[in-house]
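Asks: Start from the sequences and build out the full structure, keeping to the hints where you can.
Chains A and B, in that order, are what the protein sequence lines are.
Here the working numbering is used: the first residue of the first sequence is 113, the next is one more, and so on.
Here the working numbering is used: the first residue of the second sequence is 15, the next is one more, and so on.
Relax, there's no trap hidden among the hints.
With a straight-line cut-off of 30 Å between C-alpha atoms, the simulated DSS-like cross-links for lysine-lysine are:
#	chain 1	residue 1	chain 2	residue 2
1	B	64	A	228
2	A	413	B	18
3	A	228	B	114
4	A	411	A	473
5	A	377	B	114
6	A	377	B	137
7	B	178	A	377
For the record, the hints were derived by calculation from the structure and aren't laboratory data.
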Amino acid sequence: MENKIIFGRAEAISVLIIIMTTQLFISFPRLMAESGGNAGWLLTIYVTLLSLFFFMIISKLYKPFEGKDILDIGEYVAGNTGRILVGVIILITYVFIISIVLREFSDGLKILAFEKSPVSFIMIFFLIGMILAAYYGLEPLTRYSAIIVPIIAAAFLFIIIGVVPNFDTNNIIPILGKGPSELFLKGATKISVYSGLSILFLIPPFLGNYNNFKKTGYYSIILSSIFLTGGSLVYSLAIPYPATTEFVLPIYTLARFIDLGRFFKRIESVFLLAWATSAYIYLSIVLFFIVYVYKKAFKLKYHSPLIMPFSILIFTFALLPESMMAALELESNIFRVFAWIVTFCMPLFLLTIASIIKKKKRVKK
Amino acid sequence: MIIKLKLLLAIIIPCIILSVLSGCFDAREIDDLAYPMAIGLDKGDDNLLKITLQLAVPVAIAGGGGEEAPGGGGGTSTIVTIEAPAIYSGINMANTFISKQINLSHAKVIVFSEELAKEGIGKYISAIARGREFRPSMFVMVAKGSAEEYIRAVEPALEANPAKYYEMKLRAFDYTGFTTDATFTRFYHNIKSTAAQSYAILASVSKFDSSKDIDNDESTYLEKGRDIPFEGDFKAGSMPKVGDIKSEVMGLAVFDGDKMVGELDGGKTTSHLMVMGGFNYAFITIPDPIKEGFYVLINTSQRRNPEVEVSMVNNSPHISVKVLLEGDILSIQSGINYEDVDKLKVLEDGAEEFFKEEISHYLTKIIEEYGVDICGFGNNMKRNFLTWREWENFNWLNKFKNSTFDVEVDLKIRRPGLMMRTMPVPDSKGDED
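Replies: Below, the structure is given as structure tokens:
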């Protein structure tokens with residue numbers, strides 16, 4: 113049923129922007145500051161260029177496989193085993209990150225607004241939204257993303273403009289931050305910030321043609337990089353390093369700085385709205401793709417019966433970290449270090465082998 | 015389909031009604047909370063912290079401050095002091111005897127006692143930075159003597175609302191130049207910085223009870239080589255004034271890391287603002303360049319941001335500052351026609367020389383006496399480095415005390431006020447003053 117849905121490039125780009133930039137509202141600017149010092153924004157630009165380079169190679173290899181997603185490629189390479197293996201790898205990755213993000217957002221919301229509510233209670237509200245969205249399917253989600261992205265972007269812009277009086281260009285000097293080796297060698301693994309791009313390799317059947325796939329990839333990376341670099345740069349400009357490595361929720365911390373006269377104070381409530389909305393869409397999209405991948409990997413007829421079991425699993429996994437710090441550490445030390453393997457290496461590997469097989473088949477013919 | 019829709023609505027509508035029309039079980043109404051406007055921290059006995067909270071009395075504020083609140087602090091606020099191991103434990107204890115739960119989200123100022131500030135306030139500062147309720151725009155003060163005494167002396171005479179009183183009083187540097195924008199954000203960033211150090215507003219309680227007691231013993235005019243004190247030659251607590259308002263803010267407390275190492279008077283604070291580019295405008299007295307014992311008053315403002323260059327000369331930092339000012343004449347006591355284009359240059363040169371001396375006094379104080387870079391000159395030096403490690407190894411904060419400097423002031427007098435010239439005052443003896 114889903115495969116008959118074809119949505120526009122704008123919707124697909126919106127989904128990918130949400131997936132790749134939601135981290136901005138949690139710990140992304142701090143992680144960049146931890147890795148690149150006061151040149152965290154430079155590191156973001158560097159990993160953007162790296163991901164564009166990798167995507168260029170992947171998209172070139174994808175050309176002969178128009179309309180096929182990464183599971184189809186896995187099947188093309190190694191039959192059912194290949195498809196299931198690829199599906200399981202993606203499932204593990206997605207269940208891991210969605211559980212952590214659910215925990216981080218719920219804990220964040222507890223810190224910011226609902227300090228007296230149990231974290232599981234807050235999670236349930238996110239889960240209800242996620243479950244409903246997953247039941248309705250991909251089309252409403254993509255349409256909703258296309259509507260909400262400009263609103264979140266406007267709220268983000270509002271925060272940036274409000275923080276301008278706190279900018280000090282001296283904060284981004286020395287320009288190379290922790291140094292070239294930290295930025296360009298160790299920093300290369302931070303390409304995982306674009307791990308959300310893996311969703312793109314699941315939506316080719318919905319995108320129609322190869323050209324759409326390629327353009328969606330490029331546009332989503334470039335537009336997401338504007339948000340990510342902007343967020344990282346604004347954070348570095350407003351707070352001097354090493355204080356930038358201290359704050360749990362960097363963009364919220366910035367929003368708290370906004371103090372425009374005696375009448376415009378406590379603007380962080382705008383942030384809270386954008387924050388909760390982007391979290392909700394992010395979690396819904398990832399939950400949908402979890403059940404979609406499971407359904408496709410194991411060739412099931414319907415995805416709906418999988419929603420509740422996976423939601424319960426995600427809820428349970430989200431409660432496993434003993435603290436928010438543990439959840440944040442899992443994200444920064446595991447997911448953001450190794451996610452690039454699933455996002456970039458796996459498609460590269462599969463597509464290279466698939467291309468070789470295709471060539472061999474052509475030669476045989 | 016219709017049945018399904020009806021079923022769905024039958025579930026959704028009660029859910030919406032229940033969640034929207036009923037209150038949260040753990041809701042806290044504004045009316046249920048007590049809001050401290052000022053928080054004072056003193057060193058207590060046995061290593062404890064003495065916490066003073068000036069709590070707003072909303073009922074009295076709404077009624078214009080007519081009723082006297084219990085505990086002192088004027089009609090619109092009440093003051094409590096408690097000894098506890100830390101800020102939050104003190105608040106916890108205070109919650110046991112205050113009918114409402116304390117909420118810090120409207121705190122306008124945190125006042126540290128001088129004794130505590132000299133010991134180091136890093137541990138309290140990080141607790142405040144971690145707390146969600148504290149606002150980053152809150153001002154940081156150091157009270158000479160006790161923070162409790164200072165807060166108890168705050169009695170807004172012209173304001174019913176103590177929050178507004180603090181907001182307006184602490185923003186007064188915009189038109190006095192005697193304090194500065196020492197918000198918590200700025201203070202926190204500076205104590206974490208490797209290129210700048212912190213400062214807080216200096217506060218105290220007036221030491222004079224009657225106008226007969228007024229003296230200038232604690233004025234800084236002698237160290238500046240003046241015969242009489244000017245308006246900026248005082249620190250909080252020693253201002254020559256008496257009145258209902260006992261509390262005073264004037265000058266800065268200077269920090270090395272998280273420890274207070276010195277004080278600056280109002281005049282040096284004005285110089286600090288000028289060097290930082292944060293000076294708005296103020297009425298400033300300068301000696302008459304021609305007639306000794308007379309003064310010219312100039313409404314001075316900052317024309318442009320200062321030009322600051324920092325370089326290494328003979329292995330020591332050298333700081334060059336050019337301050338660009340402009341002013342309007344407010345008063346010429348001598349009656350000399352400085353409004354005259356030919357004489358205007360004399361006044362401008364005299365004013366430039368005066369400000370140059372003032373700024374030099376200030377820079378000498380922070381470099382040679384305190385050795386702390388509260389201007390953030392290190393940020394200019396940082397531009398010469400490519401990586402953070404190189405910059406850290408350079409150890410600017412240690413090198414700063416060996417700095418040399420030169421100051422240039424460019425002042426333009428723009429307007430004469432409402433008078434174009436001063437005509438002499440004739441008397442019966444035929445003299446003309």
